[in-house]
Amino acid sequence: MNYLRNTWYVAAWGHEIGPGQLLARKLLDIHVVLFRDDAGRPAALLDRCPHRFAPLSAGHVDQDIVVCGYHGLGFAGSGACARNPHGPVLRNMAVPSFATHEAHRAIWIWMGEQDRADPALIPDLSYLASAPDTAFSCGNIVAKGNCEVFVDNIMDLSHTDYLHPTTLGGAGITGTRPTIVEAGDYVDVTWFAPNTRPSPLLAGLFPDLPATTDFWQRVRWFAPGVMRLTAATVAAGGAEDEALANVNAHIVTPETPTSSHYFFAATRNYGVDDAALNERIATAREHIFGTEDKPMIELVQARMGDADFWALKPLLLSIDSAAVRVRRHLAKLIEVEVAVGDLHGDVPS
Amino acid sequence: MNYLRNTWYVAAWGHEIGPGQLLARKLLDIHVVLFRDDAGRPAALLDRCPHRFAPLSAGHVDQDIVVCGYHGLGFAGSGACARNPHGPVLRNMAVPSFATHEAHRAIWIWMGEQDRADPALIPDLSYLASAPDTAFSCGNIVAKGNCEVFVDNIMDLSHTDYLHPTTLGGAGITGTRPTIVEAGDYVDVTWFAPNTRPSPLLAGLFPDLPATTDFWQRVRWFAPGVMRLTAATVAAGGAEDEALANVNAHIVTPETPTSSHYFFAATRNYGVDDAALNERIATAREHIFGTEDKPMIELVQARMGDADFWALKPLLLSIDSAAVRVRRHLAKLIEVEVAVGDLHGDVPS
Amino acid sequence: MNYLRNTWYVAAWGHEIGPGQLLARKLLDIHVVLFRDDAGRPAALLDRCPHRFAPLSAGHVDQDIVVCGYHGLGFAGSGACARNPHGPVLRNMAVPSFATHEAHRAIWIWMGEQDRADPALIPDLSYLASAPDTAFSCGNIVAKGNCEVFVDNIMDLSHTDYLHPTTLGGAGITGTRPTIVEAGDYVDVTWFAPNTRPSPLLAGLFPDLPATTDFWQRVRWFAPGVMRLTAATVAAGGAEDEALANVNAHIVTPETPTSSHYFFAATRNYGVDDAALNERIATAREHIFGTEDKPMIELVQARMGDADFWALKPLLLSIDSAAVRVRRHLAKLIEVEVAVGDLHGDVPS
Numbered sequence: 388m389n390y391l392r393n394t395w396y397v398a399a400w401g402h403e404i405g406p407g408q409l410l411a412r413k414l415l416d417i418h419v420v421l422f423r424d425d426a427g428r429p430a431a432l433l434d435r436c437p438h439r440f441a442p443l444s445a446g447h448v449d450q451d452i453v454v455c456g457y458h459g460l461g462f463a464g465s466g467a468c469a470r471n472p473h474g475p476v477l478r479n480m481a482v483p484s485f486a487t488h489e490a491h492r493a494i495w496i497w498m499g500e501q502d503r504a505d506p507a508l509i510p511d512l513s514y515l516a517s518a519p520d521t522a523f524s525c526g527n528i529v530a531k532g533n534c535e536v537f538v539d540n541i542m543d544l545s546h547t548d549y550l551h552p553t554t555l556g557g558a559g560i561t562g563t564r565p566t567i568v569e570a571g572d573y574v575d576v577t578w579f580a581p582n583t584r585p586s587p588l589l590a591g592l593f594p595d596l597p598a599t600t601d602f603w604q605r606v607r608w609f610a611p612g613v614m615r616l617t618a619a620t621v622a623a624g625g626a627e628d629e630a631l632a633n634v635n636a637h638i639v640t641p642e643t644p645t646s647s648h649y650f651f652a653a654t655r656n657y658g659v660d661d662a663a664l665n666e667r668i669a670t671a672r673e674h675i676f677g678t679e680d681k682p683m684i685e686l687v688q689a690r691m692g693d694a695d696f697w698a699l700k701p702l703l704l705s706i707d708s709a710a711v712r713v714r715r716h717l718a719k720l721i722e723v724e725v726a727v728g729d730l731h732g733d734v735p736s
Numbered sequence: 388m389n390y391l392r393n394t395w396y397v398a399a400w401g402h403e404i405g406p407g408q409l410l411a412r413k414l415l416d417i418h419v420v421l422f423r424d425d426a427g428r429p430a431a432l433l434d435r436c437p438h439r440f441a442p443l444s445a446g447h448v449d450q451d452i453v454v455c456g457y458h459g460l461g462f463a464g465s466g467a468c469a470r471n472p473h474g475p476v477l478r479n480m481a482v483p484s485f486a487t488h489e490a491h492r493a494i495w496i497w498m499g500e501q502d503r504a505d506p507a508l509i510p511d512l513s514y515l516a517s518a519p520d521t522a523f524s525c526g527n528i529v530a531k532g533n534c535e536v537f538v539d540n541i542m543d544l545s546h547t548d549y550l551h552p553t554t555l556g557g558a559g560i561t562g563t564r565p566t567i568v569e570a571g572d573y574v575d576v577t578w579f580a581p582n583t584r585p586s587p588l589l590a591g592l593f594p595d596l597p598a599t600t601d602f603w604q605r606v607r608w609f610a611p612g613v614m615r616l617t618a619a620t621v622a623a624g625g626a627e628d629e630a631l632a633n634v635n636a637h638i639v640t641p642e643t644p645t646s647s648h649y650f651f652a653a654t655r656n657y658g659v660d661d662a663a664l665n666e667r668i669a670t671a672r673e674h675i676f677g678t679e680d681k682p683m684i685e686l687v688q689a690r691m692g693d694a695d696f697w698a699l700k701p702l703l704l705s706i707d708s709a710a711v712r713v714r715r716h717l718a719k720l721i722e723v724e725v726a727v728g729d730l731h732g733d734v735p736s
Numbered sequence: 388m389n390y391l392r393n394t395w396y397v398a399a400w401g402h403e404i405g406p407g408q409l410l411a412r413k414l415l416d417i418h419v420v421l422f423r424d425d426a427g428r429p430a431a432l433l434d435r436c437p438h439r440f441a442p443l444s445a446g447h448v449d450q451d452i453v454v455c456g457y458h459g460l461g462f463a464g465s466g467a468c469a470r471n472p473h474g475p476v477l478r479n480m481a482v483p484s485f486a487t488h489e490a491h492r493a494i495w496i497w498m499g500e501q502d503r504a505d506p507a508l509i510p511d512l513s514y515l516a517s518a519p520d521t522a523f524s525c526g527n528i529v530a531k532g533n534c535e536v537f538v539d540n541i542m543d544l545s546h547t548d549y550l551h552p553t554t555l556g557g558a559g560i561t562g563t564r565p566t567i568v569e570a571g572d573y574v575d576v577t578w579f580a581p582n583t584r585p586s587p588l589l590a591g592l593f594p595d596l597p598a599t600t601d602f603w604q605r606v607r608w609f610a611p612g613v614m615r616l617t618a619a620t621v622a623a624g625g626a627e628d629e630a631l632a633n634v635n636a637h638i639v640t641p642e643t644p645t646s647s648h649y650f651f652a653a654t655r656n657y658g659v660d661d662a663a664l665n666e667r668i669a670t671a672r673e674h675i676f677g678t679e680d681k682p683m684i685e686l687v688q689a690r691m692g693d694a695d696f697w698a699l700k701p702l703l704l705s706i707d708s709a710a711v712r713v714r715r716h717l718a719k720l721i722e723v724e725v726a727v728g729d730l731h732g733d734v735p736s
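Protein chains in written order, with our numbering: chain A, 388 to 736; chain B, 388 to 736; chain C, 388 to 736.
Simulated from the structure, these hints should not be mistaken for lab results. Please note: incorrect hints may appear among the correct ones.
One copy or two, either will do: identical chains are not told apart, so a pair holds if it fits within one copy or between any two.
[Said to hold, decoys possible] Straight line, CA to CA, 20 angstroms or less: simulated DMTMM-like cross-link-like pairs of lysine to aspartate or glutamate:
{"#": "1", "residue 1": "LYS681", "residue 2": "ASP729"}
{"#": "2", "residue 1": "LYS681", "residue 2": "ASP575"}
{"#": "3", "residue 1": "LYS700", "residue 2": "ASP425"}
{"#": "4", "residue 1": "LYS531", "residue 2": "ASP595"}
{"#": "5", "residue 1": "LYS413", "residue 2": "ASP693"}
{"#": "6", "residue 1": "LYS681", "residue 2": "ASP693"}
{"#": "7", "residue 1": "LYS531", "residue 2": "ASP425"}
Values in this document were obtained by computation on a predicted structure and should not be read as measured data.
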């Protein structure tokens, strides 16, 4: 599978890697080990010692160095060998390394040409970092679905009416034609459903909500799989900036062509000091995602098998417009990257 | 693998599909979903929504329609789209469907050219339907063995003496040369073992049986994997129509080249009102099949791996005559089907 | 994968096959069934009945014959058919057999050209047979690692300092340049570490050991995967023949290209009548191997996947000298065997 290489992927939430810890993760079919140096800066190496191919993640961190658990070679975050108990340290002893950058509570990794890894290219998810802890939750899972199938799921929120009828659905998205805007580095899709019932989940959290509300949902997608999702509800006719708004993140990083790391986070503009509410929302999200989205996407992947999405000739409906825009946008980026790599004779493999 | 396509396969026992239920089953490498319309008639669709490839079996039945659980598209038993909450219903929205017919307590499916699906071609297993409930039992399993290995197992009942010595064996089949008759659409094999002991299972059920009996076993095979097995025991010298007779069905439908759906049913001509006896026989059959036949066939398949049976150069013995006839009969049918398909340029894929 | 064929492999420890027992084992990708004849002599057959491909190991032993559990064919240890309940025994009914020889408490198997199976070619491990039971223990496991990765592990004992720091390591092997001797049919590697601490395991067993000791380790490798490992500790300056010495065996037989049978045995020259000590050593070895070596080697294999070791361009260090000698020695033997087979047109497949 052709992955987009010259881009930032989320490799982990920042909290997943404590001092002295090693985190093994397969990203874009590559085994990576993540850790922090003494200053807390993240680093990422190929998770395979160049000597005898032991996973470095089966070793330990000693100061700024990852020490292989098999024969004791040590490597710095740069990939350079920093310790060889058996003889001199030579320059050819390095292990491949990957640029990393911590931002917006996440650790981002650049797996393409390393000299192009510019942190300024990381999408702005600063709302995650600025949210108070009582209005923030996050999580992540590995699921057996291609990353684009996960993106499709968010780019077409009409699925909430069928897959989540008792929680997120039933608030008027079906039948609402969304507005789609494609710009240089993102695709936006917005549904505005006036005079609708609040979703069962929101109605449960706020029994005093009026029976008729206006409801917006907006997704902004950044390549390759970063999505900000805003869901806002206000009494019918109210202004959007008075709405109860959830601003979430859905971020997908390929593990393999048929499995993905899914990172999600939730923030909101109401009850921001309410830790109990925060917990209720996190629990609901875990339940919905774990028992409805994840199983459905894994079933879809199972039916698709190893086939390419387009080769299966999907029956496209109006609701697929945004997802198809995103698929084409990403395909174009990959196409350009491969063409440029061909020109340079250095296609990432 | 080349399967015979233009033929009826058993997809399920009728009782497996209740009103409003969806049954997912892989048949001939194809994911199928079975259900009943409001009139109770069975229907079978490709178990993959043409929109986003969700299994339709993960949805629900609403009146005569299967509704996809992901985005709400609905399909009739004909495969035609019958509901689209997101826009108009168009003719190209159909999902492939398969002809079905309920007969002899089973639901049969035709996976080849649909205009050739004639219920008159279903083998006559009416003895299953006419048996009283107290003289009938059935079941089905999925097992990791090629369908022809399961057929071989029944076409050579000498295996009962070695695989089932404490139940079905020891009644004189080894050493009895069977009579084989091959006709247009079936192969018959009959063993007649006079002056033999009754099988341990029968002797256990009927302690008063004479120590010396005459024993017949007959199998009639219909392509591709439907077998009627009669086992009859009478006091030595007695007439066959006075015998205690079990008339069973063994029906194999390919799931994949190395796994099969195995459907079995039992009827008898004695103690037909004896529900307790019925239960004892069903329990014994489940035990014998589950702990002896199924494990052995799965072991055979494991040793065969993905290899073709003939490529492994089996050492054929006299006891294989009927099974080899059946294999050749089926191979011929498949060969003709493929040749005709090639002529028409429409080989089933 | 090219295995060396014309050589003896350990198939089992002798105690694994009792009278009347069948032992199924996959060796060099071939399913083999092992048993003993009435005189107790071992025999090995292809574990697949030539008739219907049932594993013979699913049958039983009747006197000197393995009887297939499916249709009752019986085979002698020579592979010749010795029983056919369904008709005459013909010469073409044989199953392939493999030469076996019991020596040094092990059952050896020759899977290449059968007329070349000379027991004189079995490496001399007579120290295993002559050890008293109270100074001997052995075991075996199947692990998911290529056999050469297991051999590498023993040929470079510097790994003990990193993988086993609390038991076998820390006794001065790191930094000790070993002496390597390659002879006609073996490779020897010896480390001599004077004035070192005893290993934590030994210090735990013998609290009165001096704090400073001389420590030897020697491995003699015989193709394809038989290793005798001697570890000897004496008070600094003492003579080697006064040392506490463990003389162990590490024997690897390929199961598949990525999995191996690992046979290990331990003997010693101290406390040879001490059954409790024997048990403590056996327990420690099981623990070290099961929780440290085996997991590490399986992780290494997982990172190597199906790739050839050299294709992955390992970073060779000085500590790899003996292991590399062994790999090249074995590669040369296989190369010659394949070339000779090509000449004769009878390459073992």
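Fill in: Ascending list of hint numbers which this structure does not respect
1, 2, 3, 4 and 7
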